[in-house]
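Peer 1: Listed below, chain by chain, are the residues.
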Amino acid sequence: MEIEHLEIRDYLAQCPPMDTLDPETLDKLIQSIEISYARRGTPIIDVGDRCRFAYLIRTGAVEILNADGELHGHYSEGEWIGVRCLLRDRIAQRSLKAMEDCLLYLVPADVFLQLLNDHVGLLRFFSPHKPDRLREAMDQMRNQSNATLISTQVEDYVKTDPLILAPDTSIQQAAVQMHAQNTTALLVAQQQRLTGIVTEREFCTKVVAQGMDVSQPVASIMTPNPFTIDPHKSGAEAMLLMARKNIRHVPVVENGQIKGLITATDLLKHQSHNAVFIVHSVHKAKSLEKLQTLSKELPATLVELVNSSLTAYDIGHAISAIGEAITVRLLKMAEEIYGPPPVPYAWILAGSLSRNEQTAHSDQDNALILADSYHAPDHGDYFERLAQFVSDGLNACGYDYCPGNVMASNPQWRQPLAQWQRYFDAWINTPEPKALMYTSIFFDLRCAYGDATLLGTLQRQISKTAPDNSIFLAYMAANALQFHPPLGLFRKFVLEKGGAEEKALNFKKRGVTPVIDLARVYALACGSRALSTQDRLEDAADKGVLHPDSMADLRDAFEFISTVRLQHQARQIENNQTPDNFVSPEQLSSLERRHLKDAFEVVRTLQEAMKSRFHAGNLG
Amino acid sequence: MLQWLRKDPEKQRQKLLSVVHDPSLLRYLEVPLPDPAQNLLQTEFVALDFETTGLDATQEAILSIGYTVIREGRIVLRENGYHLIRVNKPIPEKSVVIHHITDDRMAEGAPLHEVMPGLLAKIAGRVLLVHYQAIEKKFLNAACKELYGYELPARYVDTLEIARRRLARAPMRYGPHHLRLFNLRDYYKLPRYNAHNALEDAIATAELFFAEIAQKRRPLERIRLKEVL
Chain A
138 MEIEHLEIRD
148 YLAQCPPMDT
158 LDPETLDKLI
168 QSIEISYARR
178 GTPIIDVGDR
188 CRFAYLIRTG
198 AVEILNADGE
208 LHGHYSEGEW
218 IGVRCLLRDR
228 IAQRSLKAME
238 DCLLYLVPAD
248 VFLQLLNDHV
258 GLLRFFSPHK
268 PDRLREAMDQ
278 MRNQSNATLI
288 STQVEDYVKT
298 DPLILAPDTS
308 IQQAAVQMHA
318 QNTTALLVAQ
328 QQRLTGIVTE
338 REFCTKVVAQ
348 GMDVSQPVAS
358 IMTPNPFTID
368 PHKSGAEAML
378 LMARKNIRHV
388 PVVENGQIKG
398 LITATDLLKH
408 QSHNAVFIVH
418 SVHKAKSLEK
428 LQTLSKELPA
438 TLVELVNSSL
448 TAYDIGHAIS
458 AIGEAITVRL
468 LKMAEEIYGP
478 PPVPYAWILA
488 GSLSRNEQTA
498 HSDQDNALIL
508 ADSYHAPDHG
518 DYFERLAQFV
528 SDGLNACGYD
538 YCPGNVMASN
548 PQWRQPLAQW
558 QRYFDAWINT
568 PEPKALMYTS
578 IFFDLRCAYG
588 DATLLGTLQR
598 QISKTAPDNS
608 IFLAYMAANA
618 LQFHPPLGLF
628 RKFVLEKGGA
638 EEKALNFKKR
648 GVTPVIDLAR
658 VYALACGSRA
668 LSTQDRLEDA
678 ADKGVLHPDS
688 MADLRDAFEF
698 ISTVRLQHQA
708 RQIENNQTPD
718 NFVSPEQLSS
728 LERRHLKDAF
738 EVVRTLQEAM
748 KSRFHAGNLG
Chain B
6 MLQWLRKDPE
16 KQRQKLLSVV
26 HDPSLLRYLE
36 VPLPDPAQNL
46 LQTEFVALDF
56 ETTGLDATQE
66 AILSIGYTVI
76 REGRIVLREN
86 GYHLIRVNKP
96 IPEKSVVIHH
106 ITDDRMAEGA
116 PLHEVMPGLL
126 AKIAGRVLLV
136 HYQAIEKKFL
146 NAACKELYGY
156 ELPARYVDTL
166 EIARRRLARA
176 PMRYGPHHLR
186 LFNLRDYYKL
196 PRYNAHNALE
206 DAIATAELFF
216 AEIAQKRRPL
226 ERIRLKEVL
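First to last, the protein sequences are chains A and B.
Using our numbering, the first residue of the first sequence is number 138, and each one after it goes up by one.
Using our numbering, the first residue of the second sequence is number 6, and each one after it goes up by one.
One chain only, chain A, in its complex shape (with noise of 0.2 Å):
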């Protein structure tokens, strides 16, 4: 009955979620509908009314008010309202009043609640649990990838018949083999175990710079027990492996079985910015200007990850990997400027490149310590230059000066173990809210070069005494409750508790940061060591200081902000701007302004959470 021609089908068949509906079930939702118009200022509900029907606003826009009268959010073309009340017992506990014009579409209780009944994706999609939703909505962005890395399997990429050669074939015959087979690597293996691997670097700088014997084993010279991957892991684990480890051959094993080998260039044939490229590159680059060059790789490689459709947790590891690679390689550059370092030390990164969350070029936050034999006037001169050129390197490369100097080229920050042992005392012993300013700094500690055991010493200390610190944990859960996440997105529009609209979000700010401080009080309070977010939630779940289910959903929310983070920036760098931190809500779909809803109240309410769990409230 001409009802497939109609425009309202065209509208709602592309409306989520109806618009996973197939074509018959849509004609009979079609048929259904009412169509409604209320003029602005009029109610549509009011609290205690009977609902009858779920409405899809059109045109126009709805407030909606809780019983108490307080603003619940804003609501606008294409958002589904009235549904909760559907699903519980028909009785409205909010208000729904037209803030403009509106032309709402209205399908029946009974007919909705029967496609709900027969559609388990819009169940979900309308499910009152927001972390459900939230999870529905992380699925389908996976699946909705095309890229080729997070879509291919290892065993895609592999080479299947390897060369294989036993511990005691000598170093010569190794070389034969590999030269015959053109290949430029090989797996050691006794008995089909894998004892090791060499590449074509082994004969480089082992055998001829050391000048080695070459009818010695070719199990002298092999790496042992090297990292390995599962033929069903993703080609993109199998990149973010390599980068991470600086590493371009990972043999194939399979229930202890070699399944082949993968080398980085048979990923690099499927993207053209690879960040196990760039973090290679790196390591061999001979000059600061190589340096730079490299770094200016990065935007066109996140870009390449965002597009790839890989976890934000994912991509946060690729991106700080390449500032990790850059550091090290300006450490080992300074060391050959100004010769080996008098004292033993260890170069510490601090902040989002610690946490392995580092999304675009940020500022550089770094800190040295010293070993304790450290003498000032003998040392002093040394380290104040090697932390000089790492620092200026850094700046130069794109990783512009810290402005709040947290820094190793400030003496301050370029001390020895036990004077960074004092500060942390004073900072978990006697908080005070100034200090409190570096606590979201200084409890993200990571060792990127020297010796690890310094930072070791310091971390076991903080472990020790924070979780048992009530006064410590209360300044630091107040801290993190600084910056809240919005109500709401509404059209052009940031909604603010109590009703007041801003033009864009600070993602930062106001998106990823209440997490991560949100994680770091969790992390203390367990003693837990681990620095990236994801992992510090899934510790503290762990060791039962956060509820399971609380976790899921924090975790999830933070990947889904982070996410939508990273694709606004990816659209930046693609139209040549600098990525930024602030998202106008007009460039999100209607569908990413519902989930980021769903995300911010998960915030909140685990902001609150955290609030009467460690007294935060209880601070004058």
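Hint data in this document are derived by calculation from the structure and do not stem from the laboratory.
One or more of the hints may lead you astray.
Said to hold, decoys possible - Subject to a maximum C-alpha distance of 20 Å in a straight line, what follows is the list of computed EDC-like cross-link-like pairs (lysine to aspartate or glutamate):
1) B:LYS194 <-> A:GLU214
2) A:LYS165 <-> B:GLU84
3) B:LYS194 <-> A:ASP147
4) B:LYS194 <-> A:GLU374
5) A:LYS234 <-> B:GLU226
6) B:LYS194 <-> A:GLU237
7) A:LYS234 <-> B:GLU84
8) B:LYS194 <-> A:GLU723
9) B:LYS194 <-> A:GLU144
10) A:LYS234 <-> A:ASP255
11) B:LYS221 <-> A:ASP147
Keeping the supplied structure of chain A fixed, place chain B upon it in accordance with the hints.
Peer 2: For chain B alone, kept in the frame of chain A given last:
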């Protein structure tokens, strides 16, 4: 023309009851027309649109009929209707451009005399809601006259007329193009439906009616039918 000079359709209906013999027209006439004093929430409407072979009701024919029902202030799509009418003459090319009904498509339709009883049953006791009654009212009357010998007594609400009255009160000058369904909907930021499909236009007219009467800033139960007739 002055109100009191116009024939009251309700009186006509009562008069026709005693003279008409056709059963489907009789059934229509047995239901009283809506009382102009009743409010809009209790009034049922049939939003109606015709596509025709031309503008002159005495010469041209109805090609398609689309309608939808408004009950309790809501458009009820379940009660939609759409009919293609088979006429015994070729469709002028210049009208095909507008409504996209070709001779071949028309041939799939039913003759008007088969469609009319169903339409009469649908509109009995309801107000006819049209945009520009010069078309629907005249064609409907012409069709009834031809089929049954009498014009159809009915109450019409015309959204074009409502808009014209509103614009006449406004300080801004307006031209005929302002009064077109498409432009009026645009003014109210109503969605852009596919124009010149009889069903789509009927729904579009019903929505425009809501937008127009919303200007009265009173709920439907506090607006009397006679205010919009």
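Peer 1: Hint by hint, say whether it matches the structure.
Peer 2: Hints, one by one, checked against the model:
Note on LYS194 (chain B) and GLU214 (chain A): the hinted pairing holds, with a Cα-Cα distance of about 12 Å set against a maximum of 20 Å. Restraint check: the Cα-Cα separation between LYS165 (chain A) and GLU84 (chain B) comes to about 13 Å, which is no more than 20 Å; the hinted pair holds. Taking the CA atoms of LYS194 (chain B) and ASP147 (chain A), the gap is near 18 Å; set against the 20 Å cutoff, the hint holds. Note on LYS194 (chain B) and GLU374 (chain A): the hinted pairing is violated, with a Cα-Cα distance of about 49 Å set against a maximum of 20 Å.
Of the supplied pair hints, the one linking LYS234 (chain A) and GLU226 (chain B) holds, its CA atoms being roughly 18 Å apart against a limit of 20 Å. With a C-alpha separation of about 11 Å, the suggested pair LYS194 (chain B) and GLU237 (chain A) falls inside the 20 Å cut-off, and the hint holds. About 28 Å separates the Cα atoms of LYS234 (chain A) and GLU84 (chain B), which puts this hinted pair outside 20 Å; it is violated. Restraint check for LYS194 (chain B) and GLU723 (chain A): satisfied, since their Cα atoms lie roughly 19 Å apart, inside the 20 Å limit.
Distance restraint check for LYS194 (chain B) and GLU144 (chain A): the Cα-Cα separation of roughly 15 Å lies within the 20 Å cut-off, and the hinted pair is therefore satisfied. For the given pair, LYS234 (chain A) sits about 30 Å from ASP255 (chain A) by alpha-carbon distance, which is inconsistent with the 20 Å threshold. This hinted pair does not check out: LYS221 (chain B) and ASP147 (chain A) have alpha carbons roughly 32 Å apart, beyond 20 Å.
The structure does not agree with the numbered hints 4, 7, 10 and 11 stated previously, though it agrees with the rest.
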